[in-house]
Amino acid sequence: MQKKDIEDQLKELQKKLAGLKDQVDSEERESMLPIIKELEQSADKLKVELYRKITPSERVQLARHPNRPTTIDYIKYLIKDFVQFHGDRRYMDDLAIVSGIGFFEGIPVTVIGHQKGRSTKDNIKRHFGMAHPEGYRKALRLMKQAEKFNRPIINFIDTPGAYPGIGAEERGQGEAIAFNLYEMSTIRTQIISIITGEGGSGGALALGVADRVFMLTNTIYSVISPEGCASILWKDSSRAGDAAEALKIDPNNLLQLGVIDGIIDEPEGGAHENHEGMANSIKEKLIITLEELMQYDIDDLLEQRYNKFRAMGQFKEA
Amino acid sequence: MTNLFPKCPNCGATQFNKILIKHLYVCPECNFHHRISSAFRLQITIDKGTFEEIDKKMKSVDPLQFPSYEEKLKSSIKTTGLNEAVVCGTAKINDLPVVMVVMDTNFIMASMGSVVGEKITRAFELAIQKELPVIVFCGSGGARMQEGILSLMQMAKTSAAVKRHSQKGLLYISVLSHPTTGGVTASFAYLGDIIIAEPQALIGFAGPRVIEQTINQKLPEGFQRAEFLLDHGMLDKIVPRPMIRETLSNILEIHKSSSKKNKSYRIEQYGLK
Numbered sequence: 000m001q002k003k004d005i006e007d008q009l010k011e012l013q014k015k016l017a018g019l020k021d022q023v024d025s026e027e028r029e030s031m032l033p034i035i036k037e038l039e040q041s042a043d044k045l046k047v048e049l050y051r052k053i054t055p056s057e058r059v060q061l062a063r064h065p066n067r068p069t070t071i072d073y074i075k076y077l078i079k080d081f082v083q084f085h086g087d088r089r090y091m092d093d094l095a096i097v098s099g100i101g102f103f104e105g106i107p108v109t110v111i112g113h114q115k116g117r118s119t120k121d122n123i124k125r126h127f128g129m130a131h132p133e134g135y136r137k138a139l140r141l142m143k144q145a146e147k148f149n150r151p152i153i154n155f156i157d158t159p160g161a162y163p164g165i166g167a168e169e170r171g172q173g174e175a176i177a178f179n180l181y182e183m184s185t186i187r188t189q190i191i192s193i194i195t196g197e198g199g200s201g202g203a204l205a206l207g208v209a210d211r212v213f214m215l216t217n218t219i220y221s222v223i224s225p226e227g228c229a230s231i232l233w234k235d236s237s238r239a240g241d242a243a244e245a246l247k248i249d250p251n252n253l254l255q256l257g258v259i260d261g262i263i264d265e266p267e268g269g270a271h272e273n274h275e276g277m278a279n280s281i282k283e284k285l286i287i288t289l290e291e292l293m294q295y296d297i298d299d300l301l302e303q304r305y306n307k308f309r310a311m312g313q314f315k316e317a
Numbered sequence: 000m001t002n003l004f005p006k007c008p009n010c011g012a013t014q015f016n017k018i019l020i021k022h023l024y025v026c027p028e029c030n031f032h033h034r035i036s037s038a039f040r041l042q043i044t045i046d047k048g049t050f051e052e053i054d055k056k057m058k059s060v061d062p063l064q065f066p067s068y069e070e071k072l073k074s075s076i077k078t079t080g081l082n083e084a085v086v087c088g089t090a091k092i093n094d095l096p097v098v099m100v101v102m103d104t105n106f107i108m109a110s111m112g113s114v115v116g117e118k119i120t121r122a123f124e125l126a127i128q129k130e131l132p133v134i135v136f137c138g139s140g141g142a143r144m145q146e147g148i149l150s151l152m153q154m155a156k157t158s159a160a161v162k163r164h165s166q167k168g169l170l171y172i173s174v175l176s177h178p179t180t181g182g183v184t185a186s187f188a189y190l191g192d193i194i195i196a197e198p199q200a201l202i203g204f205a206g207p208r209v210i211e212q213t214i215n216q217k218l219p220e221g222f223q224r225a226e227f228l229l230d231h232g233m234l235d236k237i238v239p240r241p242m243i244r245e246t247l248s249n250i251l252e253i254h255k256s257s258s259k260k261n262k263s264y265r266i267e268q269y270g271l272k
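Just so you know, the protein sequences line up as chains P and V, in that order. Under numbering that gives the first Met the number 0, the first residue of the first sequence is numbered 0, with each subsequent residue one higher. Under numbering that gives the first Met the number 0, the first residue of the second sequence is numbered 0, with each subsequent residue one higher.
So here's chain V without its partners, still in its complex pose (with noise of 0.2 Å):
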């Protein structure tokens, strides 16, 4: 069903699948990032064959029997070809281990639900077991309306595993794609001791539109794009697409000896104290 001609949703050109794959859906006209799947996103950023999925058969369930709640859960893992909307495992960058976590916006926008919360609990928990570093992939609509108030709690949930996890002095980078907003930048979007964007990102906890109408005048150009925010403190970086693997495997590669079991190595290898 691969689109041969996509349409960029920025500035509208048109351009060949196999360009835009070349291009890793970067946009050749106007540097737009387009949203891609989390298998390409795990193809372009780790090492190959090196990724072993944790919890792929977790599924949702609809608990509060929502309204045509589970007609769009059915349809979204048959477009999709996922159980749901992120997905986690172990991998290598360089060389480097690390637990990686991937949202998928395909799926019903990546909201965090249920299932999302506790794959992203359970990943930063293995994290912690391994002593490994977390990279997360971040691009969301926000938390699960459809699941209610159990939703709203996975920022609880997820924010407490992050904290868990960094205070065995262990790193986790979070990287923000487009777009980024509600609930999941109010927890574990934001809690990277890293916070790197793609350019032009859209990251934001309120929507713009519910801003516009609730302050009754026009945003400011630019506003809660990556670059905007990156002005106001609010990121470490902006790192273009094709540029974040070497990035990140740099980054892991400084913080390789930094948890606190590997000090009598960085005294060995550096002759620090």
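Here chain P stands alone, though its shape is the one from the complex (with noise of 0.2 Å):
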């Protein structure tokens, strides 16, 4: 079946569901239930079928919702007690991330993560989630913190990328994220970090050397945006959709790579319709995840982790 009947027939049901519990009266009400499930049943079983047939470009779309919940949403859900830490002593305070310290689930913890904006105004603030050098020094600053304390870090990627202006140059965006990349492969103290949006290249990178790596379905790791990618190899930013495919920057495709460790589900009809939802498939994702990681002796771990970005990559020798 195609997608665009898929849609078609899920919207002739969903109108006969409206229309039907619009109808019955409370007193035909218990009889006309099972019917009422039945189409509700059929309607899901839909809604899941077009899930799947999801295009590269639609999963795009859904990686940038703006309703997707963010970093400050997770940690409203996740973690008791959060206190939030500015700056990176350096410069300044960097508000396309957020970092701070609080419990999950009774330990103490170091959550960081990119902040997309939920209005225009609180976007510009934040530079849509794209990170100045500033920002990366200040994740990597809180990153040793929790080497310093035995806490585990949690990071939450969802960046466009790192912001590309003058300021960001001038104080050495590159040499930023390079030193990020450096240091978290040996910071001692597990490192979990999740995708929750757009895994948008280095900017997403610089927190995203961790022991495991997580996406959630609707997301995208790319090493260009599919837009960047169109426009230099066709020279036609509108073929974007084109390029996603051709970049496979979808979950399954990562995970199939050994790039990944696993994907975490979306609640039906994505995160951006139940946050709650999301983040409790998170918590259940991060509960079995720490237990597993902190059973590990610390040089051990560190090895795993030096193995497992060390094994990336494909290559013939003749």
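Any given hint could be a false lead.
Said to hold, decoys possible - Chain P is nowhere near these chain V residues, computed Cβ spacing over 10 Å in every case:
1) Leu3
2) Pro27
3) Pro198
Said to hold, decoys possible - Subject to a maximum C-alpha distance of 35 Å in a straight line, what follows is the list of computed DSBU-like cross-link-like pairs (lysine-lysine):
4) P:Lys124 / V:Lys217
5) V:Lys91 / P:Lys284
6) P:Lys120 / V:Lys56
7) V:Lys71 / P:Lys315
8) P:Lys147 / V:Lys71
9) P:Lys234 / V:Lys6
10) V:Lys162 / P:Lys282
11) V:Lys71 / V:Lys217
12) V:Lys58 / P:Lys234
13) V:Lys217 / P:Lys315
14) V:Lys21 / P:Lys147
15) V:Lys77 / P:Lys234
16) P:Lys120 / V:Lys167
17) V:Lys73 / P:Lys234
18) V:Lys167 / P:Lys315
19) V:Lys77 / P:Lys52
20) V:Lys21 / P:Lys315
21) P:Lys143 / P:Lys282
22) V:Lys129 / P:Lys44
23) V:Lys58 / V:Lys6
24) V:Lys236 / P:Lys143
25) V:Lys47 / P:Lys120
26) P:Lys143 / V:Lys162
27) V:Lys77 / V:Lys58
28) V:Lys73 / P:Lys44
29) P:Lys234 / V:Lys71
30) V:Lys255 / V:Lys217
31) V:Lys162 / P:Lys3
32) P:Lys147 / V:Lys162
33) V:Lys129 / P:Lys143
34) P:Lys234 / V:Lys56
35) P:Lys315 / V:Lys58
36) V:Lys56 / V:Lys77
37) V:Lys255 / P:Lys147
38) P:Lys234 / V:Lys217
39) V:Lys55 / P:Lys75
40) P:Lys143 / V:Lys73
No lab work stands behind these hints, which were simulated from the structure alone. Source: prediction; values computed, not measured. Just so you know, even glycine gets a beta-carbon here, dropped at the ideal spot from N, CA and C.
Assemble the dimeric complex from its two separately framed chains, guided by the hints.
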């Protein structure tokens, strides 16, 4: 069945359902309930099917959906007694990244994440989640602090990429990202990174050198934006959909390539429809993963972390 | 296929190729440092006959079946005579042993895919094993788009290898040539203990055009050039091409006795504690 057909069927069903629910008065309701339930179940099935047929460019749109939960939302659902910390102690506080400490299920943790805004005004303040060097340096400062106090680190990744601007270059955007990768490879505490929206290039990786990296179903992780790739490749950024497909930026492909460690299912309709449901799935995954990682001796953990990234890439030797 | 009268991409002056070679491909008119091949870079940097290449036969595959990548690889191999965009091995500079890594922008702008990442990682691992300093001549357009996420991961992989090398107390000198941009600046290029650049080299994370489009204003004169970065504290030194060998040799000499294992040697030699 084609995607369009499923969409049409779903619309038809939902119309019928709405009509039924409106029509039946309270007395008839009892007898109608099984029918309504059956229709609802068929609608759910169609939704799931529709979900599977998501095209790469639709996934890009979902990953960028303005109502997706942000780092601050996840902190609200998952972290008790959260204390936010600011600044890199070098230049300024970059609001494109938020960070702090609190309890996750009774364990003290450090939480760091990109932060997109909800309103235009908020987005301008936060540069749409695109960090300057000071953002990555703040993140590293907090990670070193976590190392000192043996706190696991939870990173939420959701960024179009590192901010492309004059100040960012003057203050060493490349150096800031490079130094995070370098230091994170040997930070002596557990690191878990979750891609909750857009995993945009170096700006994403700067929080992504982790013992475990997970992606939510409707997210992307890519070396370049599909638009950027299309404009380089075909001199036509409107072919972003084709580029998204060619770049293989969806969770399933990335799992196969060995770049991520797992996929966290989004609630029906996507994370933007149900923040709390999404947070709960993340919570479950975090609990299992932390339990596992905290068993390892820290030197073994670092060896595993090194070997994991060491093994990434494909080549041949004649 | 050598062009007998190459034109300077900076000032447009044409020169006899013979004269340019004599000037190490630095334009006699405007001092612009042309891009040079890895072979020429080795020739002007290391002691003659000391280069022992490693991983020479490593080749790229096309992991994503990316549009026209395979053809691009084939034609690059044909035109450059190289298998990939980086050449690695051991060598000597003024008799001092080093691991040399030279990127070659003639090969798909020396963008970093799996092979470039793997070869650089192995070079650092070899240097750890042999307790040698590493010198990397950078020059690259960034991560190789055609290998998608695997290219991005080479940034993490190489950076982790640099860290291990550093933890052994070993020296890493990064030399940035024109242009060094994107994912390469955001990984090993900017992780040197000492970072040197050639004059006027374009060095930056984001491309100038992307920045211009984002901020919607003209970029300042000299933006992202080596001189600009030196002013902003992002480089140790700018060294003209004819002086690079000498500068490297000098730095290597100063670090000769620096490794932890050589502490006793240092005491003997200098009477220092």
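Hint-by-hint comparison with the structure:
{"no.": "1", "hint": "Leu3", "verdict": "holds, 32 Å"}
{"no.": "2", "hint": "Pro27", "verdict": "holds, 30 Å"}
{"no.": "3", "hint": "Pro198", "verdict": "holds, 18 Å"}
{"no.": "4", "hint": "P:Lys124 / V:Lys217", "verdict": "holds, 22 Å"}
{"no.": "5", "hint": "V:Lys91 / P:Lys284", "verdict": "violated, 52 Å"}
{"no.": "6", "hint": "P:Lys120 / V:Lys56", "verdict": "violated, 54 Å"}
{"no.": "7", "hint": "V:Lys71 / P:Lys315", "verdict": "holds, 17 Å"}
{"no.": "8", "hint": "P:Lys147 / V:Lys71", "verdict": "violated, 48 Å"}
{"no.": "9", "hint": "P:Lys234 / V:Lys6", "verdict": "holds, 27 Å"}
{"no.": "10", "hint": "V:Lys162 / P:Lys282", "verdict": "holds, 32 Å"}
{"no.": "11", "hint": "V:Lys71 / V:Lys217", "verdict": "holds, 34 Å"}
{"no.": "12", "hint": "V:Lys58 / P:Lys234", "verdict": "holds, 28 Å"}
{"no.": "13", "hint": "V:Lys217 / P:Lys315", "verdict": "violated, 44 Å"}
{"no.": "14", "hint": "V:Lys21 / P:Lys147", "verdict": "violated, 55 Å"}
{"no.": "15", "hint": "V:Lys77 / P:Lys234", "verdict": "holds, 26 Å"}
{"no.": "16", "hint": "P:Lys120 / V:Lys167", "verdict": "violated, 48 Å"}
{"no.": "17", "hint": "V:Lys73 / P:Lys234", "verdict": "holds, 23 Å"}
{"no.": "18", "hint": "V:Lys167 / P:Lys315", "verdict": "holds, 30 Å"}
{"no.": "19", "hint": "V:Lys77 / P:Lys52", "verdict": "violated, 41 Å"}
{"no.": "20", "hint": "V:Lys21 / P:Lys315", "verdict": "violated, 38 Å"}
{"no.": "21", "hint": "P:Lys143 / P:Lys282", "verdict": "holds, 24 Å"}
{"no.": "22", "hint": "V:Lys129 / P:Lys44", "verdict": "violated, 61 Å"}
{"no.": "23", "hint": "V:Lys58 / V:Lys6", "verdict": "holds, 32 Å"}
{"no.": "24", "hint": "V:Lys236 / P:Lys143", "verdict": "holds, 29 Å"}
{"no.": "25", "hint": "V:Lys47 / P:Lys120", "verdict": "violated, 61 Å"}
{"no.": "26", "hint": "P:Lys143 / V:Lys162", "verdict": "holds, 15 Å"}
{"no.": "27", "hint": "V:Lys77 / V:Lys58", "verdict": "holds, 13 Å"}
{"no.": "28", "hint": "V:Lys73 / P:Lys44", "verdict": "violated, 47 Å"}
{"no.": "29", "hint": "P:Lys234 / V:Lys71", "verdict": "holds, 17 Å"}
{"no.": "30", "hint": "V:Lys255 / V:Lys217", "verdict": "violated, 46 Å"}
{"no.": "31", "hint": "V:Lys162 / P:Lys3", "verdict": "violated, 52 Å"}
{"no.": "32", "hint": "P:Lys147 / V:Lys162", "verdict": "holds, 19 Å"}
{"no.": "33", "hint": "V:Lys129 / P:Lys143", "verdict": "holds, 30 Å"}
{"no.": "34", "hint": "P:Lys234 / V:Lys56", "verdict": "holds, 33 Å"}
{"no.": "35", "hint": "P:Lys315 / V:Lys58", "verdict": "holds, 5 Å"}
{"no.": "36", "hint": "V:Lys56 / V:Lys77", "verdict": "holds, 14 Å"}
{"no.": "37", "hint": "V:Lys255 / P:Lys147", "verdict": "holds, 34 Å"}
{"no.": "38", "hint": "P:Lys234 / V:Lys217", "verdict": "holds, 22 Å"}
{"no.": "39", "hint": "V:Lys55 / P:Lys75", "verdict": "violated, 53 Å"}
{"no.": "40", "hint": "P:Lys143 / V:Lys73", "verdict": "violated, 45 Å"}
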